[in-house]
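Residue numbers (this note's numbering), protein chains in the order written: chain E, 1 to 255; chain B, 1 to 243; chain C, 1 to 244.
Bear in mind the hints are in silico, worked out from the structure with no lab data behind them. A portion of the hints provided could be inaccurate.
As the list claims (entries may be wrong) - Straight-line Cα separation of at most 20 Å, DMTMM-like style, residue types lysine to aspartate or glutamate; simulated pairs:
no., chain 1, residue 1, chain 2, residue 2
1, B, 24, E, 168
2, C, 179, E, 165
3, C, 35, B, 97
4, C, 25, C, 99
5, C, 25, B, 27
6, B, 24, E, 167
7, B, 222, B, 8
8, C, 25, B, 101
9, B, 24, E, 165
10, C, 179, E, 113
11, B, 200, B, 223
12, E, 250, B, 27
What the hints assert, rightly or not - Selected chain B positions facing chain E (in silico; Cβ < 10 Å):
no., residue
13, 19
14, 21
15, 23
16, 45
17, 61
18, 139
19, 140
Unchecked claim - Short derived list, chain E residues pointing at chain B, Cβ under 8 Å:
no., residue
20, 100
21, 102
22, 165
23, 168
24, 244
25, 247
26, 248
27, 251
Virtual Cβ for every residue (Gly too), placed ideally from N, Cα, C.
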Amino acid sequence: MTDTTVSQRRFLGIPGNTWTLILLGFGAVLTTIDFVLAFFYTPLVVGAQVAETRIINGIAVSNQLLFSQKIFYFHVPVAIGSFLVFFFTAYYGVRFLMTKEKKFDTRARIATEVTLLFVILTLITGDIWTRFEWGVWWVWEPRLTTYFIMTLLVVAYFVLRSSIEDEERRATYAAVFGIIAFLDAPISFAITRLIPSSVHPVVLRSGGGLTGTQLLAFLLGLFGMLMVAWVVYQVRLREELARERIEGLKAALEG
Amino acid sequence: MTDIHTTELALEVRDLSRTFGARKALDGVTFDLPKGAFLSIFGPNGAGKTTMLKVLSTLTNPSKGTAKVMGLDVVADSVKLREQIGFISHNPLLYPDLTAEENLEFFADLYCIPDAPARIEELLTAVELEHRRLDAVRTFSRGMTQRLSIARALLARPDVIFLDEPYSGLDPHAMDILDSLVAQVRDQHTFVMISHDLAKGLELCSHALILAKGKVVLFEEKEAIDPEAFSATYRQTVGMGVS
Amino acid sequence: MAETVAETAKSAHISSMRQFKAIMKKDIVMELRTKEMLTSMGLYAVLVLVVYQIALSQAGSSFDVLRIAAGLLWLAIIFTSLLGLNRSLVHEKDQGCLDALLLAPVDRPVIFFAKAIGNLLFLSIVVVIILPLFYFFFLAGKPLGGPLWMLPLPLIVGCIGIAGVGTLLATMSVNTNGKDLILPVLFIPVMFPLLYASVAATTAVLIGDPGYATVYWNSIALGAGYDAIMLLAAYGLYEFIIGA
Numbered sequence: 001m002t003d004t005t006v007s008q009r010r011f012l013g014i015p016g017n018t019w020t021l022i023l024l025g026f027g028a029v030l031t032t033i034d035f036v037l038a039f040f041y042t043p044l045v046v047g048a049q050v051a052e053t054r055i056i057n058g059i060a061v062s063n064q065l066l067f068s069q070k071i072f073y074f075h076v077p078v079a080i081g082s083f084l085v086f087f088f089t090a091y092y093g094v095r096f097l098m099t100k101e102k103k104f105d106t107r108a109r110i111a112t113e114v115t116l117l118f119v120i121l122t123l124i125t126g127d128i129w130t131r132f133e134w135g136v137w138w139v140w141e142p143r144l145t146t147y148f149i150m151t152l153l154v155v156a157y158f159v160l161r162s163s164i165e166d167e168e169r170r171a172t173y174a175a176v177f178g179i180i181a182f183l184d185a186p187i188s189f190a191i192t193r194l195i196p197s198s199v200h201p202v203v204l205r206s207g208g209g210l211t212g213t214q215l216l217a218f219l220l221g222l223f224g225m226l227m228v229a230w231v232v233y234q235v236r237l238r239e240e241l242a243r244e245r246i247e248g249l250k251a252a253l254e255g
Numbered sequence: 001m002t003d004i005h006t007t008e009l010a011l012e013v014r015d016l017s018r019t020f021g022a023r024k025a026l027d028g029v030t031f032d033l034p035k036g037a038f039l040s041i042f043g044p045n046g047a048g049k050t051t052m053l054k055v056l057s058t059l060t061n062p063s064k065g066t067a068k069v070m071g072l073d074v075v076a077d078s079v080k081l082r083e084q085i086g087f088i089s090h091n092p093l094l095y096p097d098l099t100a101e102e103n104l105e106f107f108a109d110l111y112c113i114p115d116a117p118a119r120i121e122e123l124l125t126a127v128e129l130e131h132r133r134l135d136a137v138r139t140f141s142r143g144m145t146q147r148l149s150i151a152r153a154l155l156a157r158p159d160v161i162f163l164d165e166p167y168s169g170l171d172p173h174a175m176d177i178l179d180s181l182v183a184q185v186r187d188q189h190t191f192v193m194i195s196h197d198l199a200k201g202l203e204l205c206s207h208a209l210i211l212a213k214g215k216v217v218l219f220e221e222k223e224a225i226d227p228e229a230f231s232a233t234y235r236q237t238v239g240m241g242v243s
Numbered sequence: 001m002a003e004t005v006a007e008t009a010k011s012a013h014i015s016s017m018r019q020f021k022a023i024m025k026k027d028i029v030m031e032l033r034t035k036e037m038l039t040s041m042g043l044y045a046v047l048v049l050v051v052y053q054i055a056l057s058q059a060g061s062s063f064d065v066l067r068i069a070a071g072l073l074w075l076a077i078i079f080t081s082l083l084g085l086n087r088s089l090v091h092e093k094d095q096g097c098l099d100a101l102l103l104a105p106v107d108r109p110v111i112f113f114a115k116a117i118g119n120l121l122f123l124s125i126v127v128v129i130i131l132p133l134f135y136f137f138f139l140a141g142k143p144l145g146g147p148l149w150m151l152p153l154p155l156i157v158g159c160i161g162i163a164g165v166g167t168l169l170a171t172m173s174v175n176t177n178g179k180d181l182i183l184p185v186l187f188i189p190v191m192f193p194l195l196y197a198s199v200a201a202t203t204a205v206l207i208g209d210p211g212y213a214t215v216y217w218n219s220i221a222l223g224a225g226y227d228a229i230m231l232l233a234a235y236g237l238y239e240f241i242i243g244a
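Assemble the whole structure, with the sequences as input and the hints as a guide.
Here it is as structure tokens:
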């Protein structure tokens, strides 16, 4: 069980626990700077690329400077983060199936927990954006749809886990479902994106137009969020490993 | 151990472990069983008996160590090994909606038995179910179902037969029939049986093994067994399992 | 050494085709005898159509059912298929028969393909029953927008995906405590992209709006892509599921 020593592992002479704190600090600082930059320095963006002038909420939006666009600096980093973390669910799923070692199952499960947190944040920020850009609380727009499906997949992952008692079977099924779910998410995006929905216009912003400050704010937000994701993952992993160790010791004492 | 010796062994189990996280279903089990033997495995619930049978019958892979059945490795030669194994469980492992004959035909196809109709005929006669061959298994009594499942297990002429608590749920009459069927084919196969019934298990066996917490507590030939001491050890391990 | 030769000879007559046929034949014989799956699926499908009638009863005459017909059709297919997928694996689980199957010298992919193709067969039968009924109840007299020959393709692409991925997920769900409750939770989000593509393609044919062929072929291609990726994954992962 090399797992239990994760917190003692050293990198550049600094123990893992300290690294977690340092990264948490960095992540917090970066996201805060992102926040400040986003609200006080980045220029307002011209309204979404709606083809003609439209009246939404009593305002013509074709040429409006959108304050709501500010959420871009949080929404997109969180969205990218959730997908990256989800990748680890599948990655550790594959590792688990190859080795059948419990530690990979634990990692996959915690990666999925962090994914759940991040997809929910993505949905909330995306929803707020939708509300102020299109004036409705929900639009079946490809990205929101994909994240909605991803949320359902992640919830299904935990429903599946909770319905299996045998530890090893639970781990195996979860690994398989994690891999399938991870494959499913990009396909969902591709299909909803490439097949035009007849109900809503496809309004996608092209990402190319970021000015210097905008790009800076975006990148700070991205790295900040990824660090936060990593720290949440690490903290949860420690907690789980400690718990498993206690349970192992208990079993050894009882047995 | 020489090669000649190896071929004489039905089971070669070396440091066999099956673990998941902190839980150890099997923990360093090592023993040899000669061909033609009848091994009874005893032990409390959760001692690893079922896991052992699952590993030996290729249903799960060991985490550590090796096991060979009739000289075939349970991991590397699993598909080939499955041809040599017959399995009789307390579950009938038969499709209730199919007739006796259809069930046997299905398994004959799975094992790709060349002379299927003749073999099925022969087995149905042996288990005295010829007159019910066209009836759905659903309509069979517990004893008849068990007899048919023995026919299923013998279908591919296996070298080793695994018995997973075959007596549980059987009435005395069905038990007698099972006994006589096993006695009929006793000298053609190697048997490995899991049992809760100490008397029955000891009566049938040539070798006895007691498992507790995934470890071998005792492994002896029948001649060497002192029944008193044996049942004392058994009671002790069962007690351990409960606490 | 002599023994090893003998064993190799014994393995030579193992024919995956014979095993595959045996599993298919057993499923078909059992179904013909009990008619469990087909009656419950067929009845369920008809009940879904009745519920559609209720849902559409107040929609008014200006409402064009054709616009949502493909969606309704796929809804009926997906929910009906859930029923069949569950049944097809529950009877393997019932008396420990799945263990018997695994104890036999059968390669695991043979089991996957036999079960998946069996499920595809039953699903196709049900679709063939639903389709005319659906037309009869909801679309009678309405002209089809696109050519009729284009209609089966999305159904085939959709059903292949449902049967393939469904077999994998149903094998998981029968081994859980929730059994039938777990399958939809796993199945519908995973099926989402394929359903989306299938509905798009079917709608394109039914309505035949200008440029429908582009949408149709796009959707078919994407649906087929989903099938290819997911079937490959299911095929590769089935061994882990069935052995756990």
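Hints, one by one, checked against the model:
| no. | hint | in the structure |
| --- | --- | --- |
| 1 | 24/B with 168/E | holds, 12 Å |
| 2 | 179/C with 165/E | holds, 13 Å |
| 3 | 35/C with 97/B | holds, 11 Å |
| 4 | 25/C with 99/C | holds, 19 Å |
| 5 | 25/C with 27/B | violated, 42 Å |
| 6 | 24/B with 167/E | holds, 12 Å |
| 7 | 222/B with 8/B | holds, 19 Å |
| 8 | 25/C with 101/B | holds, 14 Å |
| 9 | 24/B with 165/E | holds, 16 Å |
| 10 | 179/C with 113/E | violated, 24 Å |
| 11 | 200/B with 223/B | holds, 16 Å |
| 12 | 250/E with 27/B | holds, 18 Å |
| 13 | 19 | holds, 9 Å |
| 14 | 21 | holds, 4 Å |
| 15 | 23 | holds, 7 Å |
| 16 | 45 | violated, 13 Å |
| 17 | 61 | holds, 8 Å |
| 18 | 139 | violated, 33 Å |
| 19 | 140 | violated, 31 Å |
| 20 | 100 | holds, 7 Å |
| 21 | 102 | holds, 4 Å |
| 22 | 165 | violated, 13 Å |
| 23 | 168 | holds, 5 Å |
| 24 | 244 | holds, 6 Å |
| 25 | 247 | holds, 7 Å |
| 26 | 248 | holds, 3 Å |
| 27 | 251 | holds, 6 Å |
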